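J.: Sequence:
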Amino acid sequence: KPVMEGRMVRSQQYKYCLYAHGTRREALYDMEKDPLETRNIAVDPRYREVVLEHRDILRAFAVKHHDTLVRELLANDVAPRPFEPQEKPARKRAARS
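So in this note's numbering, spot 59 of the sequence shown is number 91, and the numbers just go up one at a time.
Please keep in mind that the hints were generated in silico from the structure rather than gathered at the bench.
Any given hint might turn out to be false.
EDC-like, lysine to aspartate or glutamate: derived pairs with alpha carbons at most 16 Å apart [said to hold, decoys possible]:
| # | residue 1 | residue 2 |
| --- | --- | --- |
| 1 | Lys96 | Glu69 |
| 2 | Lys65 | Asp88 |
| 3 | Lys47 | Asp88 |
| 4 | Lys96 | Glu64 |
| 5 | Lys47 | Glu69 |
| 6 | Lys47 | Glu81 |
| 7 | Lys47 | Glu64 |
| 8 | Lys65 | Asp76 |
| 9 | Lys47 | Glu85 |
Predicted, not measured: the structure shown is a model, and the values here were computed from it.
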């Protein structure tokens, strides 16, 4: 069973997620405009400062709580990357006689 490690921080308007699934990944959602979290805006240049602010919030929390995963995930100032859809396995059809 795959393990999905990551961290999340929520401000009044935004939810920022940092995942350790294979490669470094980030997500940012505007909880006022998109409460169902359907649009990852972390890759949108207009939200670059918001992403950086939330990284700093998460870093501060990690330092306070000795969370080494956050330090590792943010080691080289990771660039936001969207999630790539994962392919669903092809369904096998029953043979007809």
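J.: To test your reading of the hints: which numbers does this structure violate?
T.: 1, 2 and 4
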